[in-house]
Amino acid sequence: MEIKIDTHGHTLASGHAYSTIQEMARAGKRAGLQMMALTEHAPEMPGTCGDFYFYNLSVIPREYQGIEILFGAELNILDEKGGVDLPEELYQHLDIVIASIHPFITNFETKSMTEVTRAYVEAMKKPFINIIGHPDDSRALPDYEILVRTAKETGTLLEANNSSLQPGSFRQGARENLLTMLDLCKQYEVAITTGSDAHIDIDVGNFSSVIELFNYCDFPEELVVTTDIEKIRPYLNKARL
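Going by our numbering, the first residue of the sequence shown is number 1, and it counts up by one from there.
These aren't lab readings, by the way, just hints derived from the structure by calculation. Given the structure is predicted, the values throughout are model-derived calculations rather than measurements. Beta carbons are placed, not taken as given, at the ideal position from N, Cα and C, and that holds for glycine. Be a bit skeptical, because a hint or two may be false.
[What the hints assert, rightly or not] Pairwise CB distance ranges, derived in the manner of DEER restraints: (1) Thr20 <-> Ser208: 22 to 28 Å; (2) Gly168 <-> Asn107: 37 to 43 Å; (3) Thr114 <-> Pro46: 35 to 41 Å; (4) Gly66 <-> Gln172: 34 to 40 Å; (5) Asn215 <-> Pro46: 35 to 41 Å.
[As the list claims (entries may be wrong)] No farther apart than 20 Å at their CA atoms in a straight line, the calculated lysine-lysine pairs in the PhoX-like style are these: (6) Lys4 <-> Lys231; (7) Lys81 <-> Lys111; (8) Lys126 <-> Lys4.
Kindly generate the complete structure, drawing on both the sequences and the hints.
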């Protein structure tokens, strides 16, 4: 399986990442990507950019050295009502929007599986959230059957996050949790996206752990939207406006 698109990455603007837009784009070119997304952390993440950064993204060209670049946000899911930390009138105009739970920000470690699941479900009901980011951490574990079925109902992509699978990742139980999720995605024919979650240019397009996992569980290529640009376009916000 050849992955041609990376839907999750961060630049210096996110506060705890280490490369510029140009450095990340050049790395995507070296990695052989056809499309990549830069999805800065939304304002509840310590040290990241504010709302005006996202309002001004329209000034940046969407092509660099032959690579199509999507500019978006990784929103924080804040509560079990699916609240997020940018207004919809802003993020609906971004190219791509990820919504993620970061337990250390929102105290989801103390929530029940029912509460975590409800938070994801309510976020997926928002029409301009395209991806649920790294839903693989045992510290905020959803009911995967409900997660996968809701993703199918709402047309939301679920992410296989390479960073979660790397040695030393702070996310807990990611491999086992992703195997459970992928098995259900096969059963319900739910599409998956792939994100390196790169915070430095040398990690752009790194899917070594994700591909190993896909091979291990014999995950079908037709359900991986990042193998072909035309497969992912219907999930992006231009197609939803």
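Q | Hint check for Gln172 and Gly66 - Cβ pair distance inside 34 to 40 Å | A | holds (39 Å)
Q. Under the criterion that the straight-line Cα-Cα distance not exceed 20 Å, is the pair Lys4, Lys231 satisfied?
A. holds (11 Å)
Q | Range hint compliance [Cβ, Gly168 to Asn107, 37 to 43 Å] | A | Since the Cβ atoms of Gly168 and Asn107 sit about 24 Å apart, the hinted range of 37 to 43 Å is violated.
Q: Given the hint of 22 to 28 Å, check if Thr20 and Ser208 actually sit that far apart at their C-beta atoms.
A: Between Thr20 and Ser208, where Cβ atoms are some 24 Å apart, the hint holds.
Q.
Next pair to validate is Lys81 with Lys111; report whether the Cα-Cα distance is within 20 Å.
A. It holds: about 13 Å lies between the C-alpha atoms, which stays within 20 Å.
Q: May I ask you to test the hint 35 to 41 Å on the CB atoms belonging to Thr114 and Pro46?
A: violated (28 Å)
Q | Lys126 paired with Lys4 [C-alpha distance capped at 20 Å] | A | violated (27 Å)
(Q) Given the hint of 35 to 41 Å, is the C-beta distance from Asn215 to Pro46 inside that range or not? (A) This hint holds: roughly 37 Å between Cβ atoms.
Violated hints, listed in ascending order, are 2, 3, 8; each of the other numbered hints is respected by the structure.
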